[in-house]
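Put chains B and C on the given structure of chain A with help from the hints.
Protein chains in written order, with our numbering: chain A, 1 to 337; chain B, 1 to 544; chain C, 1 to 303.
Misleading hints may appear alongside valid ones.
Claimed, not checked - Residues on chain C that point at chain B, a partial pick, calculated with CB under 8 Å:
1) Ala29
2) Gly32
3) Pro79
4) Pro145
5) Val153
6) Thr161
7) Phe249
8) Gln256
As the list claims (entries may be wrong) - Capping the alpha-carbon separation at 25 Å, the derived lysine-lysine pairs in PhoX-like fashion look like this:
9) Lys97/A x Lys217/C
10) Lys40/C x Lys86/A
11) Lys147/B x Lys40/C
Simulated from the structure, these hints should not be mistaken for laboratory data. Quick reminder that beta carbons are idealized off the backbone N, C-alpha and C, glycines included.
Given next are the chains, with one letter for each unit.
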Amino acid sequence: MDNTPASPLLEVRDLTTYFDTRLGTVRAVDGVSFSLQKGQTLGIVGESGSGKSVTCYSMMKLVPMPPGRIVRGEALFQGRDLLTMKDREINSIRGRKVSMIFQDPMTSLNPYLRIETQLIEPLLIHRICGRDEARKKALEMMDAVGIPDARNRIRLHPHEFSGGMRQRVMIAMALIARPDLLIADEPTTALDVTVQAQILELIKAMQREIGMAVILITHDLGVVSGFCDRINVMYAGQVVESGTADDIFYDARHAYTRALKKSIPSTQEKGKRLYTIPGAPPRLVGERPPCAFAPRSDLSFSDEEAAMESRFVEVSPGHWVEVHPSTVENYRDYLTA
Amino acid sequence: MDETKHSCRWILSMALVIIAVLAFPGCGPRTTAVDEGNANQTLYITVGAEPENIDPHVVSGVPEHHIITSLIEGLVAEDPRDLHVVPGVAESWEVSEDGLVYTFHLRDDAMWTHGRAVTADDFVQSFRRILTASLGSTYSYMLFPMKNAEEYLNGTITDFSEVGCRAIDDRNLEITLKEPTPYFLSLLNHYTWFPVPMDVVKKHGDPYLPGNRWTLPGNFSGNGPFKLESWEQNNKLVVVKSDTYWDSDTTRLNSIVFRPMEKSTSAEAAFRTGQLHNIYNLPQDFIAIYKRDFPEVLHMDPHLAVYFYRFNTTREPLNDPRVRKALAMAISRQEIVDNVAKAGQPPALSMVPPDCAGYTSRARIEENIEQARKLLADAGYPNGEGFPDVELLYNTDEGHRNIAEAIQQIWSRNLNINVTLDNQEWKVYLDSQRSLDYGISRAGWTGDYPDPNTFLDMWTSWSEQNQTGWSNPEYDRLIREASNELNPETRYEYFQKAEEILADEMPVMPIYFYTRVYALRPEVKGWYSNHLDHHPWKHIYLEP
Amino acid sequence: MLKFIFRRALESVGVLLCVSLITFYLSKAIPGGPFDQEKKVPEAVKKQLEAYFGMDEPDWKRYLTYTFQFPSLPSTKFPNRRVGEMIASKFPVSLELGAYALIVALALGIPSGILASLKPNTALDYVPSSLSMVGICLPTFVMGPLLVIIFAVQLRWLNATGWENPSDKILPSLTLGFYYAAYVARLTRGGMLEVLNQDFIRTALSKGASMVSVIFKHALRGGLLPVVSFLGPAAAGLIAGSFVVETVFAIPGMGQEFVKAVSNRDITFITGLVLFYASLIIFFNLLVDIAQVFLNPKLSFKD
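One chain only, chain A, in its complex shape (with noise of 0.2 Å):
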């Protein structure tokens, strides 16, 4: 949870992924730099097409190509250029390395198989062990994941399981080979509220007993509130703020994060219009505007002002965010930094 300069579990500098589509080329992650420490837990906010998916898909290289393609940027996983890698050197560091949980269960396990044979294929492939050792190491992780009468469900197919039990086989099968890092991709979305807190709590305890990194993306603020170290808030494929937890709802600069704290339905007033950001999720095809945000900005700005560039400015240690005079107030304060 520190700050310390180690060298850094993971690295992303300038991640560009673009998507070339019958209607133009979509710039769907447009210059994304983040670093995260080993067991430090990251949160990416923003909502849908902000990107916060498609960065973490094109760092594994699950970003289909075509239509992808990563136009530029690194992702150094301990040192090594993800990016860059071949077929087979990446497969050994997906699932072992580094894992994924998706958001809707129900589509993410293969009906066809078994649980037990979904669960143990991180083992085999990675060779950690052989079959009969790789069924004891299931049987244990399901209990580890909180799945009662583990024995007798494992040899059951994913439809006969409910959606929390499904995504706890996720978790199981994410950390069976003890990762260094893991990322959820919005793994509560899907559930029943009661349901979500228990899935957290999980992550969290996995988290501990192995000692890994976590990067949850999700679109809800709420969500990340009690869990992330550092918050990346993502609008419109680049990050705009990021910092500690504290930073982001104590010390947030950013119109997006203001805006997005404010949504926060259980910190409104009860029986009063919901608070929604105005204007329309921005267009991501065509030229890169200075500033993507500035159409919906509730800041007072001029013309020439909106047609200046946008500088990513660390405010305090740590705590780094997009200005622009659409994006903070007082942005002549900034201009010194």
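Below, chains B and C alone, put in the same frame as chain A:
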């Protein structure tokens, strides 16, 4: 995604391996069936479709003829060159003065393959069998020239001893005819007159009912130059030289393998790759190619058969002979043969093929468009005006369709009339003709025996084959007289007069005489072209 | 599963009864009889033949005889052979040809369908898909003679007709198989494309599975489901024999017989063949349904 490339390469190399394995059998020279046959005097031949049976009393087809004649011999045989009658089981015979009684003297070394000699009684029993209605022989009418044969079949007579055949003793057979039938001896070459070994037939079922299993390999016994070795339905039927045949010294082939071929294009491919010594029917499209590239194997033999159209004389406007004659005169048969049929068929201006047992028709159709138009006008349809709808029927076949379309066009062009075309499946078409449910109908007729009578007695009022609704008492009289006439010249004169009536009233319109177009390898010897397409097997041999 | 099979057997009896009734009435209805020929058959003879084959008996009696005793009945066209014998001697040939063709169809179709699904709308897709289109559009009576011209007549590697040596079996199996391979390829491509777009494929990849493992272990089970459904009636058709392939290559199988029986109006044989073929279809459909339950865990025998 170089993983995919890896998988692709793997799949492609597997494919190459498979192709290499397939190609392997091709390495090195291959001996073909024909090569092997030439070395062993084994003939690989196709005679058309799979035979229904090899029991001469229950079949009616041509492929059956070719196979049965290798296995069974009748009273007489044929000279391979001109088919004149030579001794068979009978080594000699006499005819009575009135031409009604034939006495045959059988040789004593004619043997059945199951071990006993062929006797006169074998023939009598065989005739009885085929004339027993319960057997269900559809060709039994071939025996009707024999006295009381027809009556026995219909049940008018129930005592077979009243039928005109009698075994005088083991070696002598007497046959009495209804009327002097000058072609009787040639008729004996038809398989319906062949004997079967009744003792063997009785062992495998009721001899007078269909379904008797005596012809299955292992059961069969014959008296011909070859004996049955094996028969795999639709695959091949194999016969081998019979050493007990009385003339086995003449037989030079060791074995014949009959392969049924449904498609003549497949037969052509098999011929070219050395699987067969012949193609039974050369597909029309290949004729020009073979003429140019393989003339030494191509045969185009005139055949005793006529291609013609029937007119339904009970329907308007075909009930008017002027209309029928107009239609017959308005076409150019040579044009049709040259451009549509393309197998060198001689145009037919009468119903009897030329030089049929020495008979050539005098009365001929005159191809004359002017005259045809005049006749049509006289009949009330000047320049085709008011001509009612007429339908031209043919059984489904590309060749028949092409000819029908050509004639439709010619009639339209020359007479300004329109006929519509209709095609029906074989059995449906037979039904339509029989029930006179047609306007004009395509037909073909192959002579049962070499004599003009087979082409002319169809048009009598008593013939089941007429199917035109036409009859003429004078025509009937002439045909009847001919069947009673002993003097050949007088007899032919009756036929000529009958043909004049046909030409005058035109109930049927001949178009061309068939040719058999086939291919035969040059090493097949002893094979002579003749208009019945009969090639006695004992004279055939291979000389590579 | 046994209950399922039992229920299916009961249903099949009903189906077969319907089939037999329809066949019976249709055979009665076609114009032309088995004994019709160009040269008119003497009336007395025709009567006798009809009596022998029981055609003068009342309909209900004939129906029962034809339907329930067909193996021992003589063929109307070839009365010295029984229907049961004829089917028994020809069916194995068609079965063999059908089996080889099925193997060819699967061996050619599944890999090319998989390849085409990996990179849709690229050369890797267009080449197998176009070949597939060619296979579907080229009827067997064109493909067969074409292969004969190339491999038998020009190259002299193989025989043009026949079914005796092992090498004779290559061209007919390829001809028949290629046609079905085309369908299998398209179905495989479609099925695989659909499966490969599913989320669980991404999950498998995220575990470090290689593409090969993803295709064969994860995707194929679901991707082949359309092919399995197709295979039921296709297998029955393949095994009942292809008329065209059998006539082109002069193979003594059941396919030829089926068509010839109708033109011959061989009523007893037609009845036997239809019932036999119907049973084959029922049997293969049952096999396919069972296979589907095993392949797709979401289905159970109660469905």
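Now the hints, each set against the structure:
1. Ala29: 12 Å, violated
2. Gly32: Constraint on Gly32/C satisfied, holds at 3 Å.
3. Pro79: 4 Å, holds
4. Pro145: Hint holds; Pro145/C Cβ to chain B Cβ min 6 Å, cut 8 Å.
5. Val153: 5 Å, holds
6. Thr161: 5 Å, holds
7. Phe249: 7 Å, holds
8. Gln256: 7 Å, holds
9. Lys97/A x Lys217/C: This hinted pair holds, its Cα atoms lying about 22 Å apart.
10. Lys40/C x Lys86/A: Since the Cα atoms of Lys40/C and Lys86/A sit roughly 83 Å apart, the hinted pair is violated (cutoff 25 Å).
11. Lys147/B x Lys40/C: Distance of about 21 Å is within 25 Å: holds.
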